[in-house]
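First to last, the protein sequences are chains A and B. Residues in the first sequence are numbered consecutively from 1, following my numbering. Residues in the second sequence are numbered consecutively from 1001, following my numbering.
Hints listed in this document are in silico derivations from the structure and should not be mistaken for laboratory results. Beta carbons: idealized from backbone N, C-alpha and C, even for Gly. Watch out, some of these pointers could steer you wrong.
Claimed, not checked - If you anchor each label on the Cβ, the simulated ranges turn out as follows:
id, chain 1, residue 1, chain 2, residue 2, range
1, A, 233, B, 1035, 35 to 45 Å
2, B, 1076, A, 230, 46 to 56 Å
3, A, 58, B, 1114, 44 to 54 Å
4, B, 1100, A, 100, 51 to 61 Å
5, B, 1011, A, 103, 53 to 63 Å
6, B, 1029, A, 189, 25 to 35 Å
7, A, 86, B, 1116, 16 to 26 Å
8, A, 77, B, 1109, 31 to 41 Å
9, B, 1076, A, 226, 39 to 49 Å
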Amino acid sequence: MSTPPEHRDASSWAPPVQRLTASDGHINVTGRRPTAPMNGFGRMWQKTYRTPVGDASELAPEQVIAAWKERFSEFWPAGNRFFAPLAGIAPGEVAALDLAMPGGLKLSTGVLVLFADEESFTLMTPQGHMFAGWITFSAFVEEGSTYAQAQVLMRASDPLYEVGMSLGGHRQEDAHWMHTIASLAAHFGAGAPVEVQSVCVDRRRQWSRAGNVWHNAGIRSGLHMVSAPIRMMSRPFARGAKA
Amino acid sequence: MSDTASQLQVRTPAPGIAVIEIAGEVTRDSDAALKEAYDQAAEGARAIVLGFDSLEYMNSSGIGLLVTLLVRAQRNRQQILAYGLSDHYRQIFELTRLDEVIAIHDSEAAAIAAAG
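Isolated chain A (complex conformation) (with noise of 0.2 Å):
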């Protein structure tokens, strides 16, 4: 196969990857497959939050990705952390999340940098994360206005989430999002209300991936905590530990 001139888009995708590795020992990252919307069990949607963030003559698209990469976290709802990897926004990192759930439970995961330029970046998801599928935030013009916009394709991972979604948590996480864009925004010195626009694309469960639940990033995170006052214990009679 002869040798093609390189494609603009090849900086800006994340290198070839088969498993995650966080770089802090994260919980549910290490070891995990990046998923896409297709790997997930319950029903495909498209879900697109946006609003305008300024005068397209005053602030460009790459001008609202640069300050989105770089403050990612500050703007999500209190609560949640999104560990940022030393290098930034870029492709190929990885970062931890911890999320907050209902009962006052923290849900442990992360996301792969899938694709980032300057008018925009995609975060896919691991094994056990609520949802298989990605996020894309992006700034582009429309009619005079930049557009600030977070667009996700997924499905929830496995059967527990699916059911979960439809007991609070797509209201959940359109909350986030519209948190999330709105403070956006904010920064900028925009306050327009953030437009939600959801779309089933395909009604069907993917019942052969059921099977995913094995990976469920709640259930691992909570079994994790109750069995941290076990672990505390047996630290001293770690082989090799001090007296």
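With chain A fixed as given, assemble chain B onto it according to the hints.
Frame of chain A, contents of chain B only:
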């Protein structure tokens, strides 16, 4: 970014098999064109072959459009195959796990033969 928009051409090289040749870019702006090409190709087709020989640029929004095209084809019980992917785009298909649901071939002839 280049001004090269999506250029899509639909052909029917064999009964029940349609080819969508994709040239230029595949981005969020390709949505309408891709839908229109699929609607044209889908009539009477049991298999749709995507040709990527002349693909110059694709971002993650473009990959998302391929996923939704795939869903439409699956709903219509149509097989989706691909050919002409450069090494770079083959890697993208592997990274996004599209290669698990879209059979990739080295040539149009091979893809059409596989479509049976």
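Query raised in the report: Which earlier hints turn out false for this structure, listed by number in ascending order?
Result: 1, 4, 7 and 8
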